[in-house]
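Asks: Single-letter residue listing:
There are 2 protein chains.
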Amino acid sequence: MVFSKDISIRQLFEKESSTYTYIVYDNKSLDAIIIDPVKETLERDLRIIQELDLKLHWCVDTHLHADHITSSHSLSEELGAKIGLSNKAVVDCGDSVPLAHNESVKVSDKLSFKFIETPGHTNCSGCVLIDEYLFTGDTLLIRGCGRTDFQEGSNKSLFDSVRDKLFILPDETIVFPAHNYKGEMTSTIGEEKKHNPRLKLTNSFSDFEEIMNNLNLSYPAKIDIALPANRKCGKVSH
Amino acid sequence: MVFSKDISIRQLFEKESSTYTYIVYDNKSLDAIIIDPVKETLERDLRIIQELDLKLHWCVDTHLHADHITSSHSLSEELGAKIGLSNKAVVDCGDSVPLAHNESVKVSDKLSFKFIETPGHTNCSGCVLIDEYLFTGDTLLIRGCGRTDFQEGSNKSLFDSVRDKLFILPDETIVFPAHNYKGEMTSTIGEEKKHNPRLKLTNSFSDFEEIMNNLNLSYPAKIDIALPANRKCGKVSH
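Line by line, the protein sequences give chains F and D.
Per the numbering used here, residue 1 is the first one in the first sequence, and the count goes up by one each step.
Per the numbering used here, residue 1 is the first one in the second sequence, and the count goes up by one each step.
Misleading hints may appear alongside valid ones.
Intra- or inter-copy, both count: the list cannot distinguish identical chains.
[To be verified] Once the Cα atoms are required to be at most 30 angstroms apart in a straight line, the calculated DSSO-like pairs of lysine-lysine come out as:
1) LYS15 <-> LYS193
2) LYS200 <-> LYS88
3) LYS28 <-> LYS194
4) LYS200 <-> LYS5
5) LYS5 <-> LYS165
6) LYS165 <-> LYS106
7) LYS55 <-> LYS194
8) LYS28 <-> LYS182
9) LYS193 <-> LYS28
10) LYS28 <-> LYS200
11) LYS114 <-> LYS5
12) LYS106 <-> LYS5
13) LYS106 <-> LYS28
14) LYS39 <-> LYS182
15) LYS55 <-> LYS28
16) LYS182 <-> LYS15
17) LYS88 <-> LYS39
18) LYS55 <-> LYS193
19) LYS55 <-> LYS182
20) LYS39 <-> LYS15
21) LYS110 <-> LYS165
22) LYS200 <-> LYS55
23) LYS82 <-> LYS110
24) LYS222 <-> LYS194
25) LYS28 <-> LYS39
No lab work stands behind these hints: they were computed from the structure.
Please construct the entire structure, taking both the sequences and the accompanying hints into account.
Replies: What follows is the structure, encoded as structure tokens:
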């Protein structure tokens, strides 16, 4: 999926947790990063990286996921890539790299990414900005957002993160979320400002809070397995 | 999902039949077409068309699908769009428009599509080319292709269609298939020439034929419902 002369973005789906994984690479140098890789699709992702002759430098997890186990540790071990996570994430991953708010990381001449701290879904949530493409994790979903009732989640923090850090980006910014359950793959900041039923500009914080407090969600099915595993960047004994 | 200054492509997924639907539109005029829309996701697609303020002019079905019922008739009825299908398709759809091989259709100043007849999966299969984006239906899938054992399918026709009509396009051409079952969304002509296990350039026709003759696929579960419905462009009594 070539978006520009300089970089390509390959969006991938893991169906058990409805997670989107992204491989982003420099078209010329083939230097690459992967965002939110999933254990279940490790073999597929390794195959694609190999077929495209990519050099994987970074595995970035937008936060400590509660619904699936990351494959960052395996990809890092297999391909020598660094693991990047918010510096707010409490992890025991050996040599993972803590990313600070607004930190920019240069991967190659044409590929750099910026980490934007966006607490709310979890205390360690962040987004990744690459040119005009925004990988929003669970902070901003297409016409939705991540839940706020676990992992030091906070309605106020999520609302402020989206409004003050994401909605200030140009309307044309492409939103690539970590999940979707309706077969939609992308959105834009402009669309979400207008059509996101929770976070659209015409909603006040109290509108948002009322929606979030009445979601009646069930206990996250995999949290007790996924969270401890993800604190080790997916390093699990088999 | 903005690909260029001129047009946007929105890729959408219908999970029951693992079908990709595409909405393609002119960024400025908002004139739009939809490719391979599915009955089950009609409401979602109508919502997106409405939210994006699109003017839908065409519903194009790449062939008479056997695994799902098209929503072309409903979209056409609801929004006044024309229905486009290969002129090889035997249909009873009222005013559907038969598309000839290599026919180009202008939708707006910046958006035109070309229909490329590619028999093989079915006798009425075709692909849609828009700029450097190729919507391949079931003719060419990511690392695969459609089956050839129903609907006047033919190994020889499919092989020739792919090799003589698709693989002559530039390697950078983006492949947008009608299906994928592994969470992959796009490929390129260059990749498929190299990595498609059935159709890669190093395979002869007899290699391909041997693979296709040994797929041992089961009878298409929905063919007896979907095919008669799709011969009416999805017009079914409820």
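Asks: For the identical chains here, do LYS55 and LYS28 meet the 30 angstroms Cα criterion within one copy, between copies, both, or neither?
Replies: So LYS55 and LYS28 pass the 30 angstroms test inside one copy only (11 angstroms; across, 38 angstroms).
Asks: At most 30 angstroms between C-alpha atoms: does LYS106 with LYS5 qualify within a copy, between copies, both, or neither?
Replies: So LYS106 and LYS5 pass the 30 angstroms test inside a copy (18 angstroms) and across (26 angstroms) alike.
Asks: For LYS28 and LYS39, with the copy left unspecified, which applies at a CA distance of at most 30 angstroms: within, between, both, or neither?
Replies: within (28 angstroms within a copy, 41 angstroms between copies)
Asks: At most 30 angstroms between CA atoms: does that hold for LYS193 and LYS28 within a copy, between copies, both, or neither?
Replies: Between copies only: 20 angstroms across, 35 angstroms inside.
Asks: With identical chains treated as interchangeable, where does the CA-CA distance between LYS88 and LYS39 reach 30 angstroms or less: within a copy, between copies, both, or neither?
Replies: The answer is within: 23 angstroms in one copy meets 30 angstroms, while 45 angstroms across copies does not.
Asks: Indicate which option fits the pair LYS200, LYS5 if close means a Cα-Cα distance not exceeding 30 angstroms: within, between, both or neither.
Replies: between (33 angstroms within a copy, 26 angstroms between copies)
Asks: Within a copy, between copies, both or neither: where do LYS200 and LYS88 come within 30 angstroms Cα-Cα?
Replies: within (27 angstroms within a copy, 47 angstroms between copies)
Asks: Is it within a copy, between copies, both, or neither that the alpha carbon of LYS106 lies no farther than 30 angstroms from that of LYS28?
Replies: within (15 angstroms within a copy, 34 angstroms between copies)
Asks: How would you classify LYS28 and LYS200 at a CA-CA limit of 30 angstroms: within, between, both, or neither?
Replies: between (38 angstroms within a copy, 23 angstroms between copies)
Asks: Checking an output row: LYS15 and LYS193, CA cutoff 30 angstroms. Within, between, both or neither?
Replies: both (28 angstroms within a copy, 27 angstroms between copies)
Asks: Within a copy, between copies, both or neither: which one fits LYS182 and LYS15 at a CA-CA cutoff of 30 angstroms?
Replies: both (12 angstroms within a copy, 8 angstroms between copies)
Asks: Is it within, between, both, or neither for LYS82 and LYS110, if the alpha carbons may be no more than 30 angstroms apart?
Replies: The answer is within: 19 angstroms in one copy meets 30 angstroms, while 43 angstroms across copies does not.
Checked against the numbered hints given earlier, this structure breaks only hint 24.
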